[in-house]
Amino acid sequence: MGKRASARSAATVMFVLLTLLTAVFLFPIYWAVTMSFKEKADILVTVPYYFPVRFTLANFSDILRKSSYNIFAYNSAKIAVITTVLCVIIAGMAGFALTRFSFKGRKTISNGIFIIRMVPGLVYTVPLYMIYNRLGLLNSHFGLIMAYCTFSLPMSIWLFLSFYEEVPHEIYESAVIDGCNEYKLFLSIALPLVVPSISVVAILCFIGSWNEFGLALTLMFKDVYKTLPIAINTMIQHERDTPFGSLAAAGTLAMLPAIILSLTTQKYIVKGFTAGAVKG
Amino acid sequence: MKKTRSLFSLLLAIVMLFGIVVSANAYTYQTCLNPAGDANLNMTLNNLDLDGTLKPDMYKGHKIVVAASNGDHSASLKEFGKIFNELTGGEVEVQEFPDQLFEKVQLGLQSGGQFDVIEMPIAYIHSFAYAGYLTDITDELKTLASPNYDVNDFVPSMFKTYAQYQGKIVAFPYKPDSQILFYRKDLFEDATLQAQFKAKTGHDLKVPETPEEMLEAAQFFTKSLNPDSPVQYGYSTMMSKGSGRFNWFNRLGAYGGSEVKSDGSLGFTDGSGVKALQFILDLGKCAPSDWATFDWDTSNTFFAQGNAAMMEQWPGLYLTCNQAGSPTKDKVGYAVTPGKSPTLGGWGLSIVAGSTEQEMAFKFCEMCTSKDGECVKIQYTFDPCRTSNYSRDVVKDVSGIYQALSANLACATQLADTDIPYVSAQCGDVEEAAIQSALSGELTPEQAIDQMAQQLEPIIADAKD
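Line by line, the protein sequences give chains A and B. Here the working numbering is used: position 171 in the first sequence is 171, and no number is missing along the way. Here the working numbering is used: position 374 in the second sequence is 374, and no number is missing along the way.
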């Protein structure tokens with residue numbers, strides 16, 4: 001009885017702590033969403049309103065009608081989708097090759113991928129700008145996609161590697177005995193076994209590209225090429241009142257794809273991150 | 001007789017035709033100076049073609065790229081781009097950078113070929129000029145500018161501070177900015193309050209002109225010091241990190257000091273820096289205790305909600321106070337900052353030295369900053385930089401703040417950003433850190449000024465080398 005009571009108390013304490021932690025993490029999102037439905041005069045008040053007292057859709061209609069929100073959203077979606085597809089294809093093949101084949105430099109390449117991931121992306125920004133300027137890749141979605149792929153591939157390959165390492169070699173050997181060549185091994189045997197990692201990589205690459213700000217700000221100049229995070233930032237102007245309502249509305253809409261993706265593929269994300277933890 | 005009549009008729013017809021052709025070619029631009037659409041503030045501008053020096057198709061097939069900040073900055077330049085294209089056929093592409101404008105422009109100038117014209121705060125323009133990235137337009141102003149461009153029409157202190165640098169002219173003044181004293185005129189003009197003030201202090205309540213008068217008025221309007229005050233605080237401003245030094249600058253000149261002298265030595269170590277900082281701390285007793293967290297939005301909202309009697313701020317506060325539903329709408333007056341040494345901000349247009357379209361860039365900048373050109377940007381809340389426009393019909397009625405702005409610009413000399421190449425931002429950080437330490441009580445004003453001086457001297461010395 002004593003043990004059961006103490007286990008229940010521990011579970012209650014954990015529940016309360018986790019609830020508080022969840023509230024802390026979710027509160028900024030809650031605040032942004034509710035602010036997007038508030039009237040301008042109700043936003044910056046001394047005693048804040050935790051719920052809109054006057055509900056309005058004016059902020060949403062402002063950004064959808066008066067700004068080029070749809071163009072920027074399209075740009076972000078296009079870049080994110082292409083980056084995701086490229087990363088999944090390249091990382092999927094790279095992970096397979098690094099686990100399947102034995103060749104000189106395999107360990108160096110695998111370890112090199114981890115080391116590259118440790119370098120902060122900001123360090124590459126200025127050199128990338130200089131190189132892109134010489135190559136004429138500034139102001140182009142192609143250039144931005146290449147940059148995003150470059151930064152996403154190390155993590156993507158690392159994730160695929162851990163999944164491929166779980167696949168027993170006996171499966172490959174029996175497939176080879178049955179007459180499979182390497183390409184068929186990859187497409188028909190290996191890939192179906194690492195579907196969770198495809199989901200994880202796809203989600204992480206998409207969200208990373210969708211939300212990315214620094215590189216897009218550095219490499220993009222023309223208005224029509226800019227992505228959504230840049231466009232939202234453009235709404236803040238020097239020495240003019242910040243349009244908090246419109247900003248919140250734009251942010252709420254920008255959050256939706258990432259939230260929908262995460263909720264619908266949540267089980268794959270968990271599987272993907274935990275699969276490598278259990279051996280044998 | 002018949003022949004003479006026919007000849008005369010033919011001559012008249014030719015003259016009339018010529019008149020029609022000439023008038024058909026004259027470019028006119030209709031603008032409403034008030035973005036809210038006040039019909040009484042319409043203006044017709046007839047000289048955007050710069051006395052005919054901008055001719056149709058003269059720049060057809062040519063293009064310039066302008067780097068600008070976002071919002072009204074890029075919107076006004078895009079409008080100018082449209083006009084310039086209609087007048088000359090030349091294409092003007094405006095690229096706006098909401099964030100990291102300085103870094104983007106610096107990258108663009110170093111790598112070359114990105115921009116032809118840049119729109120930047122003045123201190124940064126001077127840094128780029130020092131590095132040789134900008135064109136000296138002294139000769140172009142004599143040879144290319146239209147006859148009526150008139151550089152002497154610019155507010156003198158502005159032209160001297162904005163456009164001129166080390167003997168060269170490197171910028172066209174584009175957006176003027178000066179700290180202004182905003183005060184609750186309904187309170188200052190209230191007979192009951194005037195009587196109470198006189199009874200308390202022995203002299204009349206008036207819009208303060210000196211720091212001492214300002215402190216006295218602030219104390220009168222602070223409830224904790226005067227329970228009869230109709231407002232909570234006598235003073236408010238944005239004192240968050242990044243903005244605190246403006247308040248210090250506003251007082252520095254009043255006490256005979258300056259940030260940096262023309263020879264590069266510090267101008268506030270003679271006691272004026274300590275005096276100015278001590279004044280801020282004294283004024284802080286009449287301000288909200290959390291004013292060190294006040295940024296642009298929070299400080300403006302605080303004042304516009306009617307919580308303070310006075311505030312020093314950039315001109316944009318005018319819009320916040322006068323928007324629909326504001327408790328202080330039509331209740332705010334504007335004056336020169338007490339001490340007559342307001343902080344000067346401002347933006348300029350400069351031509352990139354490496355641009356291959358020097359003439360087109362010059363004419364574009366000239367158009368933007370011409371007498372009529374200035375009236376185009378007023379609808380984007382960009383105030384004039386020319387003395388004549390402040391007294392021009394219709395323009396002078398646009399904003400109640402214009403008279404005060406013009407007066408502040410006339411006496412402002414202290415730039416908001418340190419005017420030393422490459423180290424402007426670094427110097428600002430040092431000043432802000434010291435001021436914030438004094439505000440929090442961590443350092444006394446003397447210690448804060450000492451710290452500032454000790455850190456600034458090597459930075460400035462390195463920059464000079």
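No wet-lab data here; the hints were simulated from the structure. Watch out, some of these pointers could steer you wrong.
Using 20 Å as the maximum straight-line C-alpha spacing, the simulated PhoX-like pairs for lysine-lysine come out as follows [said to hold, decoys possible]: (1) LYS222(A) x LYS261(B); (2) LYS78(B) x LYS222(A); (3) LYS464(B) x LYS261(B); (4) LYS40(A) x LYS329(B); (5) LYS206(B) x LYS222(A); (6) LYS185(B) x LYS331(B); (7) LYS82(B) x LYS222(A).
Hint check: LYS222(A) vs LYS261(B), CA-CA at most 20 Å. Holds or violated? violated, 40 Å
CA of LYS40(A) to CA of LYS329(B), is that 20 Å or under? Distance of about 16 Å is within 20 Å: holds.
Please work out if LYS185(B) and LYS331(B) have their alpha carbons no farther apart than 20 Å. Roughly 6 Å between the alpha carbons, so the hint for LYS185(B) and LYS331(B) holds.
Quickly compare the C-alpha distance for LYS78(B) and LYS222(A) to 20 Å and report which way the hint goes. Since the Cα atoms of LYS78(B) and LYS222(A) sit roughly 13 Å apart, the hinted pair holds (cutoff 20 Å).
Given the hinted pair LYS82(B) and LYS222(A), is their alpha-carbon gap at most 20 Å? With Cα atoms ~16 Å apart, LYS82(B) and LYS222(A) stay inside 20 Å; holds.
Please verify whether LYS464(B) and LYS261(B) have alpha carbons no more than 20 Å apart. holds, 13 Å
Assess, step by step, whether the Cα of LYS206(B) is no farther than 20 Å from the Cα of LYS222(A), and give holds or violated. Roughly 51 Å between the alpha carbons, so the hint for LYS206(B) and LYS222(A) is violated.
Hints 1 and 5, counting from the list given before, are not met by this structure.
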